[in-house]
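Colleague: Residue numbers (my numbering), protein chains in the order written: chain A, 19 to 347; chain B, 19 to 347.
Don't take each hint at face value.
The list treats identical chains as interchangeable, and a pair is accepted whether it falls inside one copy or across any two copies.
Dumping the calculated DMTMM-like pairs for lysine to aspartate or glutamate here, alpha-carbon to alpha-carbon at most 25 angstroms [to be verified]:
| no. | residue 1 | residue 2 |
| --- | --- | --- |
| 1 | Lys-222 | Glu-312 |
| 2 | Lys-55 | Asp-155 |
| 3 | Lys-276 | Glu-70 |
| 4 | Lys-303 | Glu-70 |
| 5 | Lys-263 | Asp-240 |
In case anyone wonders, no lab produced these hints; they're calculated from the structure.
There are 2 protein chains.
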Amino acid sequence: MATTLTARYAANGNPIEVIELAEEALAAPANGEISVKLLFAPVNPSDINMLEGTYGVKLPLPAVAGNEGVGRVEVVGAGVSDYQVGDLVKTPSTRGTWRQAVTCPAADCIKLPPSLTPEQASMIYVNPPTAWCMLHDFVDLQPGEWVIQNAANSAVGRCVIQIAKALGWKTINLVRREELVEELKALGGDIVVVEAPDTFKQIKTWTNGKPPRLALNAVGGDSAGTLSKSLGDGGKLVTYGGMSKQPIKLATGPLIFKDLSYHGFWMTRWYANRSAQERDTMYQKLADLFANGELKIAVDKVCPLREIKQAVTAALQEKRGGKILLNLQ
Amino acid sequence: MATTLTARYAANGNPIEVIELAEEALAAPANGEISVKLLFAPVNPSDINMLEGTYGVKLPLPAVAGNEGVGRVEVVGAGVSDYQVGDLVKTPSTRGTWRQAVTCPAADCIKLPPSLTPEQASMIYVNPPTAWCMLHDFVDLQPGEWVIQNAANSAVGRCVIQIAKALGWKTINLVRREELVEELKALGGDIVVVEAPDTFKQIKTWTNGKPPRLALNAVGGDSAGTLSKSLGDGGKLVTYGGMSKQPIKLATGPLIFKDLSYHGFWMTRWYANRSAQERDTMYQKLADLFANGELKIAVDKVCPLREIKQAVTAALQEKRGGKILLNLQ
């Protein structure tokens, strides 16, 4: 039987230490299965958390790493009518995507819009839809309405800036480093500032008295407090990460008298709860934004799968110029 | 012109000090107005907060105190067709209810179900509907489903126990004093325990593996943390008070992976946002619960309006056997 190279982990721990290369058997597709040759996969924060064992999902170990990634169908098994050789597909997270090839049930794959480049397609499953859904699912944003976010330089944060701009919403973006201000403004951020304890005091001026009803939080702690104080009546703070590892503190008054509410967003739950049609409609809209240049995901470095430890090391650096992408070809 | 005795405050501060008796002019009803002879009014925590100046609403000072209270229509002005002499009415909060009589627009009053006793009617505007709405507006509770609350001995907490029981839901009630356990069980509480740091660990056993999706919080701080940890997937924590004056701390993980969300409830907003018909339907259901004995509000003491400082002093005592009610007759 053929084998394929994978990057897997047999235990949780320091990501750089636990990730390792391993050959795995690659079967010919059985009934209902397809074989996919993988092309690219990003190293996402959630992949790092999976290696550490701190994510909301755990796989039986050893497991091949990688939650997202894209390939092209190479062999179509019997009984599969909706895939053709060459189709661009997202392979199942449960099998891991940091691998050269996989044979798996066609029903567990997602066919992606053919207009996407393989690099774009490899990153359409996690960050752009997280930004898209958070901008759509909590507040019925009106044209020209303001949204505020921290971690604005994160991959999701950058998608939020671009998608909001494309859809006619304005963004206030909090960052931690001065040198990011001009860069994120160039990306489309309306207001980009280094976060300070009194940032919230300027919200009224910036928004002409119409403070945001939607705040996106990937930091927690004091930064989430700044977002809370920036929200107007009925505002919602949506948390999708906790980089500071500090809890969010809610004062009682604003909860009751300003009707603020606090929610979490997890793309994995969205996929579990929504229909394939909703998902595919969103992907097409994201593909259109990619196609017309309104959405770009910066790539800092492309690493071959064989250099997986260097790739994970690079992904752990805070100051990157974009995603670390694995070249699986 | 006739005058009427009122309890008013000219400044915010220590409630016992700022509350004072004063005569106020009482006009005959003009077009569209009614004159109401007040009967009873409770001293609620929100009234105390208004005196302190810590509530979400402020009135121009001096102001007559009291948010709820009931009277009977004594004179019906010209152009008023929906009120008759003797009707039981809630008079407007903006005019204060700690007074012997008031003349005000009929449109600002609420006609209450005639089956209510004056004492019940005087307390139907704040506590029972707060419990009713929190049990209805956030989670679509199924028959036999569990709800958890802290401050279970508060007036709202006691309404929650009784209304939940009447409607077929089960309650886990956290209290701070052992001597309340049997009393609240007798009131209908299914589980009543003195709160401890590990209380949440027993939730699965108590609920047979179906943890609550609704938690009601009037304390904040660590107690709100206990409620959070008790909630099942998709659970909602609804805050209507913050007696500990400590913020609620939200860990990022449960927000994202357990889909917990945090909300505030304010009866004043509910009244502002909902129709008179919705309100009256709820009042009728509450009146039915009062009538058949399923809902009772304990009264610790009835004080005449002239003893307002003693009444406020009594309301500030933590260990009471029920509401302090002002007799306004």
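Colleague: Give a verdict on every hint.
Modeller: Checked hints:
1. Taking identical chains as interchangeable, the C-alpha atoms of Lys-222 and Glu-312 are never at most 25 angstroms apart, the minima being 28 angstroms within one chain and 49 angstroms between chains.
2. In this assembly of identical chains, the alpha carbons of Lys-55 and Asp-155 never lie at most 25 angstroms apart, being 34 angstroms within a copy and 50 angstroms across copies at closest.
3. In this assembly of identical chains, Lys-276 and Glu-70 lie within 25 angstroms of each other by CA distance solely across copies; the values are 19 angstroms between and 38 angstroms within a copy.
4. Proximity of Lys-303 to Glu-70 under the C-alpha cut-off of 25 angstroms is found in neither arrangement, the shortest distances being 34 angstroms within a copy and 53 angstroms between copies.
5. Proximity of Lys-263 to Asp-240 under the C-alpha cut-off of 25 angstroms is found in both arrangements, the shortest distances being 11 angstroms within a copy and 18 angstroms between copies.
The structure fails hints 1, 2 and 4 (numbered hints given earlier, in ascending order).
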